[in-house]
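Those sequence lines, one after another, are chains A and B. As numbered in my numbering, residues 1 to 339 make up the first sequence, in order. As numbered in my numbering, residues 1 to 118 make up the second sequence, in order.
The set of hints was computed from the structure by calculation and includes no laboratory data. We put the CB at the ideal spot given by N, CA and C, even for glycine. Watch out, some of these pointers could steer you wrong.
Claimed, not checked - Think about it this way: if two alpha-carbon atoms lie no more than 30 Å apart in a straight line, the pair counts; the simulated DSSO-like pairs of lysine-lysine are:
1) Lys85(B) x Lys43(B)
2) Lys43(B) x Lys126(A)
3) Lys64(A) x Lys86(A)
4) Lys99(B) x Lys122(A)
5) Lys43(B) x Lys78(B)
6) Lys78(B) x Lys19(A)
7) Lys19(A) x Lys43(B)
8) Lys78(B) x Lys126(A)
9) Lys99(B) x Lys43(B)
10) Lys126(A) x Lys86(A)
11) Lys64(A) x Lys19(A)
12) Lys99(B) x Lys85(B)
What the hints assert, rightly or not - For each label pair, taking beta carbons as the anchor points, the in silico distance ranges come out as:
13) Ala98(A) x Asp3(B): 23 to 29 Å
14) Tyr78(A) x Gln41(B): 57 to 63 Å
15) Leu88(B) x Arg66(A): 51 to 57 Å
16) Glu47(A) x Glu29(B): 27 to 33 Å
17) Glu48(B) x Leu72(A): 47 to 53 Å
18) Lys43(B) x Glu23(A): 51 to 57 Å
19) Leu139(A) x Ala95(B): 35 to 41 Å
20) Leu139(A) x Ile104(B): 27 to 33 Å
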Amino acid sequence: MGNLIERYIYDVTRRLPEKEREEVSRELNANIYDMLADNADAADEGEIRGVLQQLGSPAALAEKYRQNPQYLISPAIYDEYLRTLKLVLPLVGLAVLAAGTIAGAIDNLGYDLVNLSQVIAKILAKGLALGISAVFQALMWVTVGFVIAERTGAKPDKSKEWKIEDLPETPADDKGRIPLSDSIAELVVTVVFGIIMILLCSGVLPFSFVIIRGETRLYSLFSPGFLASCLPAMVVVISLSVFDCLVKIRYGRWTPLVCGTTVASSLISTIIVVYLLNRPGLLSDEFLAFIRGLENPNLLRFLGAGGGRTIILLISAFIIIVTIGECCYALYRTLRSRR
Amino acid sequence: MPDNDQFQSFLTELRRGSLTLAVLGCLQEAHYGYGLLQAMQEKFIDIEANTLYPLLRRLESQGLLLSQWDTSESRPRKYYSISEKGRLVYTELLAEWRKMQRSIDSICGKGEEDGQFD
Chain A
1 MGNLIERYIY
11 DVTRRLPEKE
21 REEVSRELNA
31 NIYDMLADNA
41 DAADEGEIRG
51 VLQQLGSPAA
61 LAEKYRQNPQ
71 YLISPAIYDE
81 YLRTLKLVLP
91 LVGLAVLAAG
101 TIAGAIDNLG
111 YDLVNLSQVI
121 AKILAKGLAL
131 GISAVFQALM
141 WVTVGFVIAE
151 RTGAKPDKSK
161 EWKIEDLPET
171 PADDKGRIPL
181 SDSIAELVVT
191 VVFGIIMILL
201 CSGVLPFSFV
211 IIRGETRLYS
221 LFSPGFLASC
231 LPAMVVVISL
241 SVFDCLVKIR
251 YGRWTPLVCG
261 TTVASSLIST
271 IIVVYLLNRP
281 GLLSDEFLAF
291 IRGLENPNLL
301 RFLGAGGGRT
311 IILLISAFII
321 IVTIGECCYA
331 LYRTLRSRR
Chain B
1 MPDNDQFQSF
11 LTELRRGSLT
21 LAVLGCLQEA
31 HYGYGLLQAM
41 QEKFIDIEAN
51 TLYPLLRRLE
61 SQGLLLSQWD
71 TSESRPRKYY
81 SISEKGRLVY
91 TELLAEWRKM
101 QRSIDSICGK
111 GEEDGQFD
C-alpha cells in the first residue's frame, strides 16, 4: 500500500531535473502523509487512492513543478523556423530525389535491360528513398541549427532598454537585414553539399562516367591524385562557408565585418578550386584514353590536345565570374544598408 | 455558460495572480504544505493541492519564501514562511490588488466610488 505512494512519487520525480528530485520527493512524501488524515500509518488503500486521485496525474504535477517551460524552438523564433523549413525541405528533397534517381540509374546500368519496368521501379525507389531520408536529415539539421542559434544568442538582446531610435526601418527600406531563415538555409545546403563532396573525394561515392559499347562499365572520371588533393581543399572550403554562415547568423545584417567575411571566404574558396582544377593530372588515365579513342572529330577538336583544357578554362572562368558576382552583391548590400 | 472549457481557462487566468497574493498573505506565519492548503480552503480560496505545492517551491526558488524542515515530530514536515523580499513584494502586490479592485468596481460597479473599500 505504501508502495502506491512510492510509485506515485517516483512517477512525478523521474520527470524532473536530477537536482530537484530528492527535495521534491521528500516534500511530496510529507504532504501525502499529511493528507492521509491522522492515522497515516494505518491508512487503507482506499484512502491512499483518494489522496493520489486528488493530486492528479503525475505528469501534470511534474509539469507544474518544472520551473521553466520546456521547448526546443521558442515561440519567438518559431515563425522563422517554419519559414526556413518551407524553404529548405522541398529544395533538398527535390535535389536529392534527382541525384538519387541518377545514382539509381547508374547502379542499374550494369544489369540486363530486359525487364525495363522493374529497372525503372528500382531506379525510382532509390531516388525516393534517398530523397525522403534527405528531407529528414534536413529537418534535423535545420532544427539543430535553430536550437544552437537560439541558445548562443541570435535573438535580440533583451537587456538593452528599448528606444524609439532603435525602431527598424519598415521592411522595404531595411536593406541590410539578412533573414535568419536565409542564413540557416545556406548553412544546411552547405553542410549537405559538403558531406557529398567529401564522400566523393574520399572515394566512398565514385565520380564516374559510363562507356557503353556493347558492354557497360564504370570508370573514374578524375585521377586519384586530384581526388586526394581535393579532400583537404574541400574541408577548407566548406569550413570557410560554414564560418561565413555563422557570422551572418550572429550579426543578421550586412555589416562591414559580415561583408568582409563573405568576400574573403568566397575569394579564398575560388582560388583553391581554380588552382586545383588547373593543375596537370586532373583527369584519370582511363578517361583520357577513352577520349583519345573517340572517333568523333568535332568533339576531339573541341576538347583539344590538352585533354579538355578548354572545358577546364571555361569552368574556371564561370566560377570566377560567379565569385565576382557574389562579392559585388555583398558589397552592394553592405553599402546600401549603411544609408 | 456558452463554453465551459473556455470559461475554466479564463477563471484559471484570473486566479493565477491572486493565488500568489493569498499564499504570501497566509505565510505571514509559517505553515507546512497541507496545513496551508487547509487554511486557505477555510477562507474559501479554491486551490488544489497539485497547484499549491509546486507554487510553494517556485516562490521559494524566487526568494519570496523561506523553508525549514521540522524533524522534531514523528514525521518530518517542511514549513514555509515569507521572507524579507517576499514581504516587500506582498505589500506592493496587495496595494495593486486593492487599486485593481476599486477600478473594477467603478467600471463594472454597483455605484461604489473610489475609496469606499479601504
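Legend entry - Pairwise hint evaluation, Lys43(B) against Lys85(B), where the allowed Cα distance is 30 Å at most: 25 Å, holds
Legend entry - Given pair status - Lys126(A), Lys78(B), alpha carbons within 30 Å: Not satisfied, since the Cα-Cα distance of roughly 63 Å exceeds 30 Å.
Inset, instruction - Go ahead and decide if the range 51 to 57 Å is satisfied by the Cβ distance of Leu88(B) to Arg66(A). - result: At roughly 27 Å between Cβ atoms, Arg66(A) and Leu88(B) fall outside 51 to 57 Å, so the hint is violated.
Inset, instruction - Determine whether the Cβ-Cβ distance between Leu139(A) and Ala95(B) falls within the hinted range of 35 to 41 Å. - result: This hint is violated: roughly 51 Å between Cβ atoms.
Legend entry - Distance restraint between Lys64(A) and Lys86(A), which requires alpha-carbon spacing of 30 Å or less: 34 Å, violated
Inset, instruction - For the pair we were handed, Lys43(B) and Lys126(A), check the Cα-Cα distance against 30 Å. - result: Roughly 70 Å separates the two Cα atoms, so the pair is violated.
Legend entry - Holds or violated: Lys19(A) to Lys43(B), with C-alpha atoms at most 30 Å apart: Between Lys19(A) and Lys43(B) the Cα gap is close to 35 Å, so the pair fails against 30 Å, i.e. violated.
Legend entry - Cβ separation of Tyr78(A) and Gln41(B), checked against the hinted range 57 to 63 Å: 40 Å, violated
Inset, instruction - For the pair supplied as a hint, Lys64(A) and Lys19(A), confirm whether the alpha-carbon distance does not exceed 30 Å. - result: 16 Å, holds
Legend entry - Pairwise hint evaluation, Lys43(B) against Lys99(B), where the allowed Cα distance is 30 Å at most: 22 Å, holds
Legend entry - Holds or violated: Lys99(B) to Lys85(B), with C-alpha atoms at most 30 Å apart: Satisfied, since the Cα-Cα distance of roughly 22 Å is no more than 30 Å.
Legend entry - 47 to 53 Å as the expected CB spacing between Leu72(A) and Glu48(B), which holds or is violated: 30 Å, violated
Checked against the numbered hints given earlier, the structure breaks hints 2, 3, 4, 7, 8, 13, 14, 15, 17, 18, 19, 20 and satisfies all the rest.
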